[in-house]
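2 protein chains.
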Amino acid sequence: MALSTKPYKGTRDFYPEDMYVQKWMFENIAKTVEGFGYQPYDGPMLEPFELYAAKSGQEIVEKQLYWFTDRGERKVAIRPEMTPTMARMVAGKVMELPKPVRWYSIPNLWRYERPQRGRLREHWQLNVDVLGGDNLFADAEILKLAHAVIAGFGGEDKIRIAINNRKLINHVFKNLLKLDADAALKASKAVDARDKIGEEAYLKLLAEAGLNSDQTSTMENFFKSDLETVCSDFDCEGARELNELFSVLKDDAISSVLKLEPQIMRGLDYYTGTVFEVYDVSPENNRAMFGGGRYDNLIGLFGNQQLSGVGFGMGDVTLRNFLESHNLLPELKSHLDVFFVTANRDAVIQSEKLASDLRKLGIKCASSLSTAKFNQQLKQANKLNAKIAVIIGESELENQQLTLKDLVKGEQTSIATNQLTSHLKSMLPGSFN
Amino acid sequence: MALSTKPYKGTRDFYPEDMYVQKWMFENIAKTVEGFGYQPYDGPMLEPFELYAAKSGQEIVEKQLYWFTDRGERKVAIRPEMTPTMARMVAGKVMELPKPVRWYSIPNLWRYERPQRGRLREHWQLNVDVLGGDNLFADAEILKLAHAVIAGFGGEDKIRIAINNRKLINHVFKNLLKLDADAALKASKAVDARDKIGEEAYLKLLAEAGLNSDQTSTMENFFKSDLETVCSDFDCEGARELNELFSVLKDDAISSVLKLEPQIMRGLDYYTGTVFEVYDVSPENNRAMFGGGRYDNLIGLFGNQQLSGVGFGMGDVTLRNFLESHNLLPELKSHLDVFFVTANRDAVIQSEKLASDLRKLGIKCASSLSTAKFNQQLKQANKLNAKIAVIIGESELENQQLTLKDLVKGEQTSIATNQLTSHLKSMLPGSFN
Numbered sequence: 068m069a070l071s072t073k074p075y076k077g078t079r080d081f082y083p084e085d086m087y088v089q090k091w092m093f094e095n096i097a098k099t100v101e102g103f104g105y106q107p108y109d110g111p112m113l114e115p116f117e118l119y120a121a122k123s124g125q126e127i128v129e130k131q132l133y134w135f136t137d138r139g140e141r142k143v144a145i146r147p148e149m150t151p152t153m154a155r156m157v158a159g160k161v162m163e164l165p166k167p168v169r170w171y172s173i174p175n176l177w178r179y180e181r182p183q184r185g186r187l188r189e190h191w192q193l194n195v196d197v198l199g200g201d202n203l204f205a206d207a208e209i210l211k212l213a214h215a216v217i218a219g220f221g222g223e224d225k226i227r228i229a230i231n232n233r234k235l236i237n238h239v240f241k242n243l244l245k246l247d248a249d250a251a252l253k254a255s256k257a258v259d260a261r262d263k264i265g266e267e268a269y270l271k272l273l274a275e276a277g278l279n280s281d282q283t284s285t286m287e288n289f290f291k292s293d294l295e296t297v298c299s300d301f302d303c304e305g306a307r308e309l310n311e312l313f314s315v316l317k318d319d320a321i322s323s324v325l326k327l328e329p330q331i332m333r334g335l336d337y338y339t340g341t342v343f344e345v346y347d348v349s350p351e352n353n354r355a356m357f358g359g360g361r362y363d364n365l366i367g368l369f370g371n372q373q374l375s376g377v378g379f380g381m382g383d384v385t386l387r388n389f390l391e392s393h394n395l396l397p398e399l400k401s402h403l404d405v406f407f408v409t410a411n412r413d414a415v416i417q418s419e420k421l422a423s424d425l426r427k428l429g430i431k432c433a434s435s436l437s438t439a440k441f442n443q444q445l446k447q448a449n450k451l452n453a454k455i456a457v458i459i460g461e462s463e464l465e466n467q468q469l470t471l472k473d474l475v476k477g478e479q480t481s482i483a484t485n486q487l488t489s490h491l492k493s494m495l496p497g498s499f500n
Numbered sequence: 068m069a070l071s072t073k074p075y076k077g078t079r080d081f082y083p084e085d086m087y088v089q090k091w092m093f094e095n096i097a098k099t100v101e102g103f104g105y106q107p108y109d110g111p112m113l114e115p116f117e118l119y120a121a122k123s124g125q126e127i128v129e130k131q132l133y134w135f136t137d138r139g140e141r142k143v144a145i146r147p148e149m150t151p152t153m154a155r156m157v158a159g160k161v162m163e164l165p166k167p168v169r170w171y172s173i174p175n176l177w178r179y180e181r182p183q184r185g186r187l188r189e190h191w192q193l194n195v196d197v198l199g200g201d202n203l204f205a206d207a208e209i210l211k212l213a214h215a216v217i218a219g220f221g222g223e224d225k226i227r228i229a230i231n232n233r234k235l236i237n238h239v240f241k242n243l244l245k246l247d248a249d250a251a252l253k254a255s256k257a258v259d260a261r262d263k264i265g266e267e268a269y270l271k272l273l274a275e276a277g278l279n280s281d282q283t284s285t286m287e288n289f290f291k292s293d294l295e296t297v298c299s300d301f302d303c304e305g306a307r308e309l310n311e312l313f314s315v316l317k318d319d320a321i322s323s324v325l326k327l328e329p330q331i332m333r334g335l336d337y338y339t340g341t342v343f344e345v346y347d348v349s350p351e352n353n354r355a356m357f358g359g360g361r362y363d364n365l366i367g368l369f370g371n372q373q374l375s376g377v378g379f380g381m382g383d384v385t386l387r388n389f390l391e392s393h394n395l396l397p398e399l400k401s402h403l404d405v406f407f408v409t410a411n412r413d414a415v416i417q418s419e420k421l422a423s424d425l426r427k428l429g430i431k432c433a434s435s436l437s438t439a440k441f442n443q444q445l446k447q448a449n450k451l452n453a454k455i456a457v458i459i460g461e462s463e464l465e466n467q468q469l470t471l472k473d474l475v476k477g478e479q480t481s482i483a484t485n486q487l488t489s490h491l492k493s494m495l496p497g498s499f500n
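If you read the protein sequences in the order shown, they are chains A and B.
Everything in the first sequence is counted per my numbering, starting at 68 for the first residue and increasing by one.
Everything in the second sequence is counted per my numbering, starting at 68 for the first residue and increasing by one.
Treat the hints with care, as some may be off.
No distinction is drawn between identical chains; accordingly, a pair holds when it is met within one copy or between any pair of copies.
[As the list claims (entries may be wrong)] SDA-like, lysine to any residue: derived pairs with alpha carbons at most 25 angstroms apart:
(1) LYS160 <-> HIS402
(2) LYS160 <-> GLN372
(3) LYS291 <-> GLN183
(4) LYS98 <-> HIS402
(5) LYS160 <-> GLN183
(6) LYS256 <-> LEU294
(7) LYS420 <-> ASP85
(8) LYS76 <-> THR285
(9) LYS90 <-> LYS256
(10) LYS130 <-> PRO115
(11) LYS446 <-> THR285
(12) LYS450 <-> GLU101
(13) LYS130 <-> GLU140
(14) LYS450 <-> GLN373
(15) LYS400 <-> ALA218
(16) LYS90 <-> SER401
(17) LYS420 <-> ASP318
(18) LYS234 <-> GLY139
(19) LYS98 <-> ASP85
(20) LYS130 <-> LYS142
(21) LYS492 <-> LEU294
Hints listed in this document are in silico derivations from the structure and should not be mistaken for laboratory results.
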C-alpha cells in the first residue's frame, strides 16, 4: 500500500512559499531583539522528563507533554516550552555569564493538543528572557520589547498589552477573599480559562474551588479596578510594583496600549511577579496572542544560585494569523536571477560554466538540466520567478551567441557569449555583489 | 534534590558563542545553495514510523530510531534523516512543483547512537536534492554543489570526492562474483563498514556473507580499478554513467578532486545509481565527512508518480570539526554597539529613551538595567564586547551631558546629551542603517 503524503496530525509541512514567510518573520524578529542586545541560544529537542515535572504546570505535564522512555531507560520529553531549557542552561553557567543575561531563541515546541486555529502540535515560539538587573527595569524592558517586536511588523496600533502582578493576585486571594493556597490555585486556573470555557463553566469551577457568591462578586469587582483603585485599596508589593512600572513607562511608545487588567493570570506555575498578555484589538480575534512574566525561583531548581528573570514567548502560528488578518504580510516569492534554457548536451555543459562564473558575482542561477522543448523550459523559468532566461540553442552554440529573454518585460536580444556578464549588469544591477 | 544542568546524553546546548558559529555556518551554506537556485523547505520533527520502515535501512530503524506511541495510539518517530520527509512532501505536490525541483533544508535529526567524535544523538544536517531533469546533469550538479559548499568555506583544496555507481556494484556482484541478492547485500554492508570495523571484522563479515577467498580477492582487485579499467572491463550501464559523468565534469573546478573509488557503497538502502563520499584529505581525519547519491524509486512509495532524484546530506558536527581542524572558522563574537552605564533610576529611564531612538537608526544597544558601581557595569560592557559605553552619572544628568567611553581605544569624552547621535555616527559609521 502506498504511504500517505500527509504530515503527522497537527503539524505543518513548510513548502518553499511557507519557508519564505517563516524566514521573513524570524529575520524580522531577530533584527528587533538583537537591536535590544539579546543573544541567540538553543538547546536539544529532548530534555529529561523531570525538567517539566518540576515547574511547567500540571496540565502540560499530564495532558500535553510528549514523553517516552529511551533505549537506555531514560524518561525523556520533547520540549513543550523553552523556559525550562533556558533556565537549565543559565544555571549551568550562571557565574560566567555577563549580567544582565539577555537571551532569545525561536525553537520548535510540541504539545499534544486538539489542532485548532492558532493551536498546533508543533509550533515555533520566540522566547526572550532577561535575567539579572533591577527587576522593575527588566520588566519594563521586556514589555517594551514585546511592543517593539510587533512594531517591527507595523502592528503596534493593532494590539493592547494587559498587565497584572502575581503578588497582587496572591494578596487579594489571601487577604481579601481569604482563600487557602489550594482554593487560590484553583480559582486562578478558572480565571485563566474563563475566555476559553465560557461563563457557565467558569462559575462552576469557582464553586468547585470553594468560592461563595460573595467572594465571586468581590473578585469580580477587583477585576474591574484601575491602577489608581488598586494602589489605594491594596497596600501590597504587587500594587507598588505595578505603580512603579507604569511610572517608568509613562513616556514610552508602549504607554498608549498598556493597561492594568487584574484578571490576567498566565497559566504557567512559575510566574511570581509581573505578568502580561498581548491582545489583538480586532474584534474577530480577541484572544490573547502571547504573553509572559517574571519568575524568581527558576534558576534555584538547579542548585543554590539565585538569579531572577522575566520573559515572554510568542508563537509563529498566532503571529502569522495576526499579520495576515491585518495585511501586514508582504508577498514573498522565490527569486532566481537567471535560468538557462538549453538545447542539447553541449548547451547544458556551457550553461554550467557560465553559471559558475555568474555565481561568483552573486547572481542566483540555475539551468533546466534538460533538453526539452524551449517553451516547456521557459514555463519552468516563469514558475520559478526567474528574471532572465538565457537561451542556448544549436545556432547560439555555433555562433558563440546567447539569446537573453527578459521574463518580466518579454523582450528578447541576441548577444555574444562573452558579453553575458556586462549585459546582465545593466539588466540586473541590484543582483551583483 | 537539585535538577541537573546537563543536557540529555549525546546532545548539545548552544550558548550564544556556539549559536554564532552555527548561524554563520548555516548562512554561508544557504548563500551557496541559493546561488544554485535551491529553495528552502522544512517538515515536522515527528513523522509516522512507517515512513522510515519502508526505506531507511534496517540498522537505522531497528537500532537507532527514536520512536514511540502517541496518546492517540499512533506510532511516531523522531526524524533520523530528512530524505523520507522530502520525498513525502514532493510526492504530495508532484504535479504542481516546477521541475527540476531544487530543494534544501538544514533540519535537526535524531539517532540513538553511542556519542563519539563527529557522531551525536542530535545533529543538524544540510540536505540538498534535485528531482527531475536529466539524471546525469543532475548528478553532475549535485557533485558540483557539494564541492561549492565546501569551497564557500575556503576548504576546496582540503577534500577528495570519491564517486561510484550502484549499478556498477550490482553488475560486479552479480556477474563477476556470481553473488545472489542476499549475499550481495551483506557484502555491500561489509564493504561500507570496512573503515569503521577494521580488516579482521570485515573479512569475517565477507565469509559470513558466503564469499570464498577467490571472490574476496576478485572484489579487492575490482576496488583498485580506475575509470579506464572499469569502462573497458565492465560493459554495463553503471560504467557508462560514470564515464559520462567524468566527461561532463572534466573542465569544472571539481575535476581536480574527483576520483572513482569502486569500494564506495553508501549505507542507505535507497540509492540506485551515482553514489559519492566527500573525504577530508588531512591524514588525522580520513573518515568520510558526508555523501549522497541517486535514488530513483523514492517518490513511487507514495503512489504512482515517478520522479527520480539525487542529493546529499552534510552534518553540522562533521563540518565544524573540518573547519576547526583547517583553521577555516573565523572568531565570532556577540557585538553590541552601545552599552549604557547608569547611576540611578532617572539615568536608567533616560538611557531607555536614548536607546529607543538609536535602535531606530540600526544601532544595537542595551542598558545595564542596574545602578551598580560604574566599574562593575563597565566590566559587563566589556564582557558583551560593546564598542562604546555611554555613561549617565548624577552630574551628567544635572548638566544634560553624557560621558562616552570608547571601549576599544579606552578614550573618554563628554558631550551634550542631544549630540549623542552625531557623535556616534562619527565613532560607529558602519553601524547605522
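Open item on the list: Cα distance capped at 25 angstroms. Does LYS160 pair with GLN372 within a copy, between copies, both, or neither?
Closed with: The answer is within: 10 angstroms in one copy meets 25 angstroms, while 53 angstroms across copies does not.
- [ ] Give the relationship of LYS420 and ASP318 under a CA distance limit of 25 angstroms: within one copy only, between copies only, both, or neither.
- [x] between (60 angstroms within a copy, 9 angstroms between copies)
Open item on the list: For LYS234 and GLY139, with the copy left unspecified, which applies at a CA distance of at most 25 angstroms: within, between, both, or neither?
Closed with: neither (43 angstroms within a copy, 39 angstroms between copies)
TODO: Tell me, please, which holds for LYS90 and LYS256 at an alpha-carbon limit of 25 angstroms: within, between, both or neither?
DONE: neither (35 angstroms within a copy, 40 angstroms between copies)
TODO: Classify it for me, LYS256 with LEU294: is the Cα-Cα distance of at most 25 angstroms met within a copy, between copies, both or neither?
DONE: Answer is within: at 23 angstroms inside a copy they meet the 25 angstroms cutoff, but 72 angstroms across does not.
Open item on the list: One pair to classify: LYS130 and LYS142, alpha carbons no more than 25 angstroms apart. Within, between, both, or neither?
Closed with: both (16 angstroms within a copy, 18 angstroms between copies)
Open item on the list: If the cut is 25 angstroms between Cα atoms, do LYS446 and THR285 qualify within a copy, between copies, both or neither?
Closed with: neither (69 angstroms within a copy, 51 angstroms between copies)
- [ ] Indicate which option fits the pair LYS291, GLN183 if close means a Cα-Cα distance not exceeding 25 angstroms: within, between, both or neither.
- [x] For LYS291 and GLN183, the Cα distance exceeds 25 angstroms both inside one copy (31 angstroms) and across copies (60 angstroms).
- [ ] Could you figure out if LYS400 and ALA218 sit no more than 25 angstroms apart (CA to CA) within one copy, between two copies, both or neither?
- [x] Answer is within: at 23 angstroms inside a copy they meet the 25 angstroms cutoff, but 28 angstroms across does not.
TODO: Up to 25 angstroms between alpha-carbons, please classify LYS130 paired with PRO115: within, between, both or neither.
DONE: both (17 angstroms within a copy, 21 angstroms between copies)
TODO: Measure nothing new, just compare the shortest in-copy and cross-copy C-alpha distances for LYS90 and SER401 to 25 angstroms and report within, between, both or neither.
DONE: both (12 angstroms within a copy, 21 angstroms between copies)
Task: Same-copy or cross-copy closeness of LYS98 to ASP85 [CA-CA at most 25 angstroms] - done: Close inside one copy (20 angstroms) and across copies (19 angstroms); limit 25 angstroms.
Violated hints for the displayed structure, listed by number in ascending order: 3, 7, 8, 9, 11, 18, 21.
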